[in-house]
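Start from chain A and add chains B and C according to the hints.
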Amino acid sequence: MALKKVGREEALRFTRVVESDELRLPGSQIAAGAGGVFVTFGSLAEVEAFLVPTTPEEILASGMQGRLNHLDPPSLAMWVRDMIGDSELADALDEVVASGRAFGLLVPEMKELLAERLAQCEAVLAEE
Amino acid sequence: MGDIDKTKGTEPEGKVVSRREFVTGLGGVGLGAVIGGLLGQGFFTPDKVFAIPASGGYLLVDTKKCAGCTSCMMACSLVHHGQVNYSLSRIQITQNSFAAFPNDISMAMCRQCPFPACVEVCPTGACHVDTANGNVRTVDEAKCIGCERCVNACPFTPSRALWNGADKHAQKCDLCADTPFWNEKGGPGGKQACATVCAMKAISFTKDVPVQGADTGYNVDLGSTSKVWQGFGFNVG
Amino acid sequence: MANGYAGKILKVDLTTKTIGEIPTSQYEQWGGGHGMGSAIFWDLCEDPTVDGTDPKNVVTIMAGPLSGTLASGAAGRTEVQGIGLQSMPRGWFTRSNFGGRFSTHLKYAGWDGIVILGKSDKQVWLNIVDGKVTLEDATSLWGLDTHATQQKIWASVLGAPPAGNWDTLGTTRDSGRSTQRPAVLSAGPNAEKFGPWASLVHDGGNGAGQGGFGGVFASKNLKAVSVLGTGGIEVADPNALMQARTWLMGYAVAGNWDNQGKNVAGNWPLPANPGTASSFPKGTALRPQGCAGCVRMCRCRSDKIMGNDSMCVDFFTTAGATPEVNVVWTDLMQKLGLNAFNLVGLFPWLRGLVAEGAIGKGKAIDSSLPFEQMTSVAFGVDLMNSIVNQTDIGKDLALGLWQCAQKWGRLDKDLATGMLPLQEWGYVHHYDGRTEAEWGYGCLLGDRDINEHDFNWICYWTPTIWAAYGMTPLVTAQRMAEIMSKQMIPYSDEPNLIDYSDAGIYSETMAKTTAWHRHYTRYYKQALGFCDWNWADFVNPYGPDFVGATSIGEPKFFNAVTGKNQTFAEGMEIGRKIWNLDRAVWILQGRTRDMEVFSDYMYDVAATAKTPGIPYEMPYTMPVFENGAWSYKSVAGRKLDRQKVEDFKTLFFKLEGWDTKTGWPTRKTLEDLGLKNVADKLQGAGKLGAA
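Here the protein sequences line up with chains A, B and C, keeping their order. Each residue of the first sequence is one higher than the last, beginning at 571 in the numbering used here. Each residue of the second sequence is one higher than the last, beginning at 6 in the numbering used here. Each residue of the third sequence is one higher than the last, beginning at 1425 in the numbering used here.
Read the hints as simulated data drawn from the structure, not as lab findings. There's no promise every hint is true.
Below, in silico cross-link-like pairs of lysine-lysine (DSS-like), each with a Cα-Cα straight-line distance of 27 Å or less [unchecked claim]:
#: 1; chain 1: B; residue 1: 212; chain 2: B; residue 2: 190
#: 2; chain 1: C; residue 1: 1435; chain 2: C; residue 2: 1543
#: 3; chain 1: B; residue 1: 190; chain 2: B; residue 2: 206
#: 4; chain 1: C; residue 1: 1480; chain 2: C; residue 2: 1546
#: 5; chain 1: C; residue 1: 1432; chain 2: B; residue 2: 206
#: 6; chain 1: C; residue 1: 1706; chain 2: C; residue 2: 1837
#: 7; chain 1: C; residue 1: 1706; chain 2: B; residue 2: 232
#: 8; chain 1: C; residue 1: 1819; chain 2: C; residue 2: 1785
#: 9; chain 1: C; residue 1: 1706; chain 2: A; residue 2: 681
#: 10; chain 1: C; residue 1: 1480; chain 2: C; residue 2: 2078
#: 11; chain 1: C; residue 1: 1706; chain 2: C; residue 2: 1728
#: 12; chain 1: C; residue 1: 2100; chain 2: C; residue 2: 2085
#: 13; chain 1: C; residue 1: 1543; chain 2: C; residue 2: 1432
#: 14; chain 1: C; residue 1: 2078; chain 2: C; residue 2: 2111
#: 15; chain 1: C; residue 1: 2105; chain 2: C; residue 2: 2068
#: 16; chain 1: C; residue 1: 1432; chain 2: C; residue 2: 1480
#: 17; chain 1: B; residue 1: 206; chain 2: C; residue 2: 1728
#: 18; chain 1: C; residue 1: 2100; chain 2: C; residue 2: 2111
#: 19; chain 1: B; residue 1: 173; chain 2: C; residue 2: 1432
#: 20; chain 1: B; residue 1: 173; chain 2: C; residue 2: 2068
#: 21; chain 1: C; residue 1: 1728; chain 2: B; residue 2: 232
#: 22; chain 1: C; residue 1: 1435; chain 2: C; residue 2: 2105
#: 23; chain 1: C; residue 1: 2068; chain 2: C; residue 2: 1837
#: 24; chain 1: C; residue 1: 2078; chain 2: C; residue 2: 2100
#: 25; chain 1: C; residue 1: 2100; chain 2: C; residue 2: 1988
#: 26; chain 1: B; residue 1: 196; chain 2: C; residue 2: 1980
#: 27; chain 1: C; residue 1: 1435; chain 2: B; residue 2: 206
#: 28; chain 1: B; residue 1: 206; chain 2: B; residue 2: 148
#: 29; chain 1: C; residue 1: 1576; chain 2: C; residue 2: 1617
#: 30; chain 1: B; residue 1: 190; chain 2: C; residue 2: 1980
One chain only, chain A, in its complex shape (with noise of 0.2 Å):
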């Protein structure tokens, strides 16, 4: 899943935080005993490090203190394209949605793949 490597005007795009809050890309922190927040995100980083990929049997045996952050992939992929303006990181997910599996088992894969864009950009604005 190799992404191509960005040049420096686009890693400061995609590495920002989004303007409003209207861009913010909404997610939930759902805890079993708790219930469940609602939170949102305004930078693939900040979505990078939410995404916590993890087993069901882990989350289940931790019983009532069990906790799930979630976030609609097909959402994800839309507002990294239209908010964001990474289009082939967009297309990336866009394939990783179209497996059709639930969320759960699509979370490590768009992790790695927001961290290898989030490591490229990183790697980019680092040479100046």
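Structure of chains B and C alone, referenced to chain A:
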């Protein structure tokens, strides 16, 4: 082992160790090995105070697994006395919510000492070795005159021999040899209530004499460093 | 008598400083815990319409027959009741409870509970050592945190800091010995200053968190209650109790250590569970810790001390901070005796206010708190201290979340959007009444956020995780419905009790589910102490055909301890009686059906986020019965229909035998429950339901 004293013609087969060595737990491992070798046999000390067989069973605990639920204490008092009562429990769990793990919980179970001070000091033989029940060290309540020498003689804190103020006799862990309120066979040949109810499997039973002296003989790893336990995130390390 | 009861209830009049007793037999028909507490409150509270800080408020701290026994997941709880300080528009007669070892010591000291009346003229703490009960000077304790208070009381009761040996309590050699530390329940420092927020804390973190009982204590000039018991409780059938214990262990990992990979849905219920462990910073060495008599052990103790005995919401689930930060906040929250759930609601509200530009230095709500770093240690520490000391916004927050919003002129607006997430009665939104109907209704028709996860775990959480990972469910929705219907006596002839479809949530069967839940929790969980972390046990991977222990296990333990032959159905009927008695108290306090409405956002805002153009629904997968078939379906994104909720209330009132116009119990309903005196009193107040 040093100080082996072979007094001719008076000892049984097997080794002899001095009382000092025995009580101080010289070297730990070596002494345990010596004691282990005496399993089921009697031995004499040089002063020939008395000869006692080793107990046929011992409780081992893992204080890092204990969750402080005190179910063992409730079960102990329940099966022996028909009531739940911490003060009658022959196993004592103490805990301090404001201390750091692993020092927040202590488990105090009777060690069934190979050289039991409580048996030695009893003037009436109430506290004795029960040869009919795997040589468990226990109190014959009918013979107890309430002098509490056993309570004071126990070298451990809290003393494993305890005073029953309601019924006015001493009592101690008998490995559930005499549990009138439980329909399970107990004693060294049977089940122990505390181990049965322990949800953490932090109490187990063994027939092998533990290493004497240091806590490590009785406070053992019953899975607290296992992958399963670590996998729960407890990081006991 | 070998029946699990100590035989007497302690009655303390703080005004006259008299110590008395009530024979437990007078209230035994109510079971214990909440049942006895409500009945005692009914008898002894002269005027339930007073404010919770009024000396006429009666506080009960009750154990039950199973407290201090091996009744697993029931032995450790203690139930606290009285007129609370938290709910709005008025403090309802309410409840909270806490775990640990307090009710065990209370029973072993010879008491089935404590009743506290009046108000002391001096600051005191209540010292119970077996039958010796005294009021001690609490002047030097009043400003101390809950942890320091408890440790000082330990040293005071034992004469010296605990040394781990046998302590002789009393003056004779037979007067009782113990190796144990006293079990202490304490309010926070100067709790009268933040009453609606003030909790009661026992040991490191067993908290009676909701209701403001720390403030109620403080209003009575009572700082803490300490109990140490050296006696015992006789059990009717000790062998049966031992067998019940090992039977129940088979339904938990406790009895299945070698068989953990048995089911596809994971291992539950685990000890302490990785959930608690994961709340601590990585690398923290931990042990699981459990209340007296438990098989589950849901807490932890750590090598850093901070966070000991805390779990779940105590670790600030909504604040978005790291475990390193959370554990510092948790420790402070427990020490200060602050309601963790209020903090759960406060963080999203503050974030919303910050986003709106409404709060901060020089803003409409002026505050110097470091809002730019809301996930830092300093922010949480400063915020909590501001509430306890009434500085900065803490001065207004300390009034209570609802009252604070009202003062800031934001109440209606923020409840309309849900930015201030108070679902009903001013209590912080916990589980969503728009999706999980029985939760919302139970809160609305009661007095507080119910915090009862019986349906929540198996009907919401587990299917949601199954769906999120595309797993094959342990049981189909149909099988789940079959199992649960059978257990939900006396409604077992209803097949659709867990239908959470759009139509199902307003149906008569949902009314039955809601009623079942109220009755079950009032008796089994709050009167007998069966803990929310273990019970109800509906569907269980270790049970035969996945059938859990509920409806068999509860009577098994109760009968083994008490020697009675009580059926589950009989217990449910006692629960209905307790529920009706509570209803009567609320009615005397002014409850009418038109007060029973959710905050506006529940009707006007779907449970979705509102970012324009970016669809999102918080996952909420539940069993539904639609088009003649059962399935698990996402019911997220739902909002409630006002009229349908009103119609549901009518169905519910009819089912419960209450006047559908007012929601007041009728004479027939009350007399059938043996509550003629309650009917008479309601009639005298002009509040009896019409037939």
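Against the structure, the hints come out as follows:
Among the hinted pairs, residue 212 of chain B with residue 190 of chain B is consistent with the structure: their alpha-carbon atoms are about 16 Å apart, no more than 27 Å. Only pairs whose Cα atoms come within 27 Å are accepted, and residue 1435 of chain C paired with residue 1543 of chain C is accepted, the gap being roughly 13 Å. Our distance criterion of 27 Å between C-alpha atoms is met by residue 190 of chain B and residue 206 of chain B, whose separation comes to about 20 Å. At roughly 17 Å between alpha-carbon atoms, residue 1480 of chain C and residue 1546 of chain C fall within 27 Å of each other, so this suggested pair holds.
Distance check on the hinted pair: residue 1432 of chain C and residue 206 of chain B sit about 36 Å apart at the alpha-carbon level, beyond 27 Å; violated. For the suggested pair residue 1706 of chain C and residue 1837 of chain C, the alpha carbons sit about 41 Å apart, so the restraint of at most 27 Å is broken. Proposed proximity of residue 1706 of chain C and residue 232 of chain B is supported: the alpha carbons are some 16 Å apart, at most 27 Å. Restraint check: the Cα-Cα separation between residue 1819 of chain C and residue 1785 of chain C comes to about 16 Å, which is no more than 27 Å; the hinted pair holds.
Simply put, residue 1706 of chain C and residue 681 of chain A have alpha-carbon atoms about 21 Å apart, close enough for the 27 Å limit, and the pair holds. Of the supplied pair hints, the one linking residue 1480 of chain C and residue 2078 of chain C is violated, its CA atoms being roughly 34 Å apart against a limit of 27 Å. About 12 Å separates the Cα atoms of residue 1706 of chain C and residue 1728 of chain C, which keeps this hinted pair within 27 Å; it holds. Proximity of residue 2100 of chain C to residue 2085 of chain C is assessed by CA-CA distance (about 21 Å); at most 27 Å being required, the pair is judged to hold.
Proximity of residue 1543 of chain C to residue 1432 of chain C is assessed by CA-CA distance (about 23 Å); at most 27 Å being required, the pair is judged to hold. At most 27 Å may separate the alpha-carbon atoms for a hinted pair to count; residue 2078 of chain C and residue 2111 of chain C meet this at roughly 17 Å. The suggested pairing of residue 2105 of chain C with residue 2068 of chain C is violated, with an alpha-carbon distance near 32 Å, which exceeds 27 Å. For the hint linking residue 1432 of chain C to residue 1480 of chain C, the alpha-carbon distance of about 23 Å falls within 27 Å, and the restraint holds.
A distance of roughly 25 Å separates the Cα atoms of residue 206 of chain B and residue 1728 of chain C; the hinted pair therefore holds under the 27 Å criterion. For the suggested pair residue 2100 of chain C and residue 2111 of chain C, the alpha carbons sit about 14 Å apart, so the restraint of at most 27 Å is met. Our distance criterion of 27 Å between C-alpha atoms is met by residue 173 of chain B and residue 1432 of chain C, whose separation comes to about 25 Å. Distance restraint check for residue 173 of chain B and residue 2068 of chain C: the Cα-Cα separation of roughly 68 Å exceeds the 27 Å cut-off, and the hinted pair is therefore not satisfied.
Straight-line distance between C-alpha atoms of residue 1728 of chain C and residue 232 of chain B comes to about 23 Å, which keeps the hinted pair within the 27 Å bound. Distance check on the hinted pair: residue 1435 of chain C and residue 2105 of chain C sit about 24 Å apart at the alpha-carbon level, within 27 Å; holds. Taking the CA atoms of residue 2068 of chain C and residue 1837 of chain C, the gap is near 24 Å; set against the 27 Å cutoff, the hint holds. Proposed proximity of residue 2078 of chain C and residue 2100 of chain C is supported: the alpha carbons are some 20 Å apart, at most 27 Å.
This hinted pair checks out: residue 2100 of chain C and residue 1988 of chain C have alpha carbons roughly 26 Å apart, not beyond 27 Å. Note on residue 196 of chain B and residue 1980 of chain C: the hinted pairing holds, with a Cα-Cα distance of about 23 Å set against a maximum of 27 Å. For the given pair, residue 1435 of chain C sits about 41 Å from residue 206 of chain B by alpha-carbon distance, which is inconsistent with the 27 Å threshold. Between residue 206 of chain B and residue 148 of chain B the alpha-carbon distance is near 35 Å, which puts this suggested pair outside the 27 Å criterion.
Distance hint between residue 1576 of chain C and residue 1617 of chain C is fulfilled; the C-alpha atoms sit about 22 Å from each other, no more than 27 Å. Using a Cα cut-off of 27 Å, the hinted pair residue 190 of chain B and residue 1980 of chain C holds, with the two alpha carbons roughly 23 Å apart.
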